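> Here is how the chains run, residue by residue.
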Amino acid sequence: MKPSKLWMGRLVTGGSAACAFAAVAAVAWIVTTIVWGGRHQISWAFLTQAPTEGMTQGGIFPAIVGTFLLVVIMSVVGVPVGTITAIYLSEYVSRDSKLAQIIRFAVNTLAGIPAIVFGLFGLGFFVNFTGKGMDLLFSPKGTLVWAQPNILWASLTMALLTLPVVIVSVEEAIKTVPRDLREASLALGATRWQTIWRVVLPGSVGGILTGAILAVSRGAGEVAPILFTGAAYFLPQLPHHLTSQFMELGYHVFIMATQSTDVEKTRGIQYATTFVLLALTFTLNFSAIALRAQLRRRRAAV
Amino acid sequence: MTEVRKTLKLTVRNLNLHYGSKHALQDITLDIRDHWVTALIGPSGCGKSTFLRTLNRMNDLIEGVRISGEVKVDGNDIYADGVDTVTLRKRVGMIFQKSNPFPKSIYENVAYGPRIHGLKDKAALNELVEKSLRQAALWEEVKDELQKSALALSGGQQQRLCIARALAVDPEVLLMDEPASALDPLATAKIEELIYGLKERYTIAIVTHNMQQAARVSGDTAFFYMGRLVEFDATEKIFTSPKEKRTEDYVTGRFG
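The listed protein sequences correspond, in order, to chains A and B.
Residue numbers for the first sequence, in our numbering: 1 to 302.
Residue numbers for the second sequence, in our numbering: 303 to 558.
Next comes chain B alone, as it looks inside the complex:
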């Protein structure tokens, strides 16, 4: 790796995750750079989504999951004793595969995070809602119907709303779990454009099944296979001259 590394936002060392008797993540070591997009690719069931969910401790919610190793955000171990998952998840936001807006108005969806973190001032909330919707490139489409139910939006709009909702709590890292897999090509293009713009301000880790998408949006790419990290390098290298045979087979579509 010739390129000089920028600041590291997340560092993962020897991460192991067991789910019941299954060893779902095996000895993962990986760095995620600040203000950078890191793509996680690999066939279904390879552990990439599970890995993503360890970064904001969403796997804590699943019974029977045991985790060992180290995950650090800005140098602080998030699995250390006494770490507050509420604060962690405020800093490390998440966008899910299936858009999951609350059955509330567009406004209330975006205001949800700030409200639970104690923001009550109406003017400040209005401003934050607008800012977040603008950042998520949704403002122009919904500014006249903020009180409309979020469920009335199209799939692509719902996903951008979820992004706006995540941005409203002012996170530093955004974890995206196949955010465009359920969308049509046009909506997907919009989300990708959005991700490209967001990396100016946020650190992004994105799980994707779509090779072109990984190639288009990311700076680094990690290839997972059967719970192991097979190869991790600059995206360009992974797609043009991977070191591992399995990586090459996967990115060229020979399996997966």
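With the rest of the complex left out, here is chain A:
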């Protein structure tokens, strides 16, 4: 081999290793900085108390509650809709039909739309259109009840954003239910729906759960969709109704870093809040991965 070729080989090996290392280094650096920066702040009190003194002291309890409610309402709406879409795509329309192609194209496009556009859409469609319509119909004249940003509209916007994640995940799971089992059910005189309900869905529970977890983890990490649709800077009380606004972890990090009364003084709070947010999304991602691995093992064992 010519020396130049040898060097070329070494260069490629070394270069690719360096690139791969960059990813590891970035994660390590981010986690370390955040843990280090927030180390004095993280405490039980920080997690369970409301912010005080113009948000320069106290905890992030309302933001944790808000994030929790946001992802719960989002899942309650998004997971069933996503699951039904996946069922429709894989069981009711033929794979190559125009309709299936259109739906799939829409789902892929949805997945590629920037989060801020979802936020604007939520403001336009849910708050200004749906909300206004509901107020015209149901609320006393001249009062604003639904036509304002609130946790419901924010959750629905987020559900829309995370819909592709659920659809793809459930569809993958449905695909792994063996054809044999469907045929067995149909050959016994089961209808298509009975077969889906009793054989296909029970066989896809893992995928549905994985989809839900990934959606929650994605939803918990996005700020842009809730900017105009329901998140609040500061609230003295926790959300108690679908029309309440709410505080949220990601949004809290954003405002503490950009619009706080004293950015320097609250560094610790920012780091600690980010740490909680990261811990939450990491935990969710890892549980999704673990769940999927476990399901794969079980499937391999059958």
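Be aware that a few hints might be false.
[As the list claims (entries may be wrong)] Some chain A residues judged to face chain B by a derived CB distance under 8 Å, without partners named:
no., residue
1, 93
2, 94
3, 180
4, 183
5, 184
6, 186
7, 187
8, 188
9, 189
10, 190
11, 191
12, 194
13, 199
To be clear, the hints were calculated from the coordinates, so they are not data collected in a lab.
Computed from a prediction, not measured in an experiment: that's the story for all the values here.
Think of the CB as a built atom: it goes at the ideal place given N, C-alpha and C, for glycine as much as any other residue.
Knowing the structure of chain A, use the given hints to seat chain B on it.
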């Protein structure tokens, strides 16, 4: 054919099946007698399994399949407009080549059919599950572990469970697609014994690759080759004095 025919359960007239551009079944005409075992034999890809699946319209599930001709069960065309495949498949059950129990308990597997057809009464279900498992000669082996996963059973037991599951919906016809091809000789013998007993109550059509099996269990045998029905006659005749050269070559093992 000198023997007097018994009642006909299934009559097939000029059945053609196209799959895409492939003419998979060509002009099949064949009668399946009531309370009788009819064996369908032939080399791989000859269309015998495809033919079997036309008898309970399982081919409907495959895209690109076109069927013409006539298939009648008790004189009623099952491909006529307005025929309910759910009712049809309840009457014409199917056992698949690869045993395919649901990933549920033994009990739930057998109770699946009755449940989807609306049986809710616990006592009646218990009774039906026991009866079906007894008919499938599996009861004695599993009666103490009905709640155990069906996937924990051996291959032969799983196939008998699938038979019990099919019997639980009280079909009139059983279509068996190489039900013993994946089993060891002992399990195969058990299945064959079972088939022999079942013909007292059911009409059976069985696809098999195994010549001895066809000879042992069936009354009539149909020999398929390249999508055509080459010869159809009493099993004894097919195996001892076939009319067609190709049938003889196949049953004596000269090709296939």
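> Of all the hints given earlier, name the ones this structure violates by number, lowest first.
1
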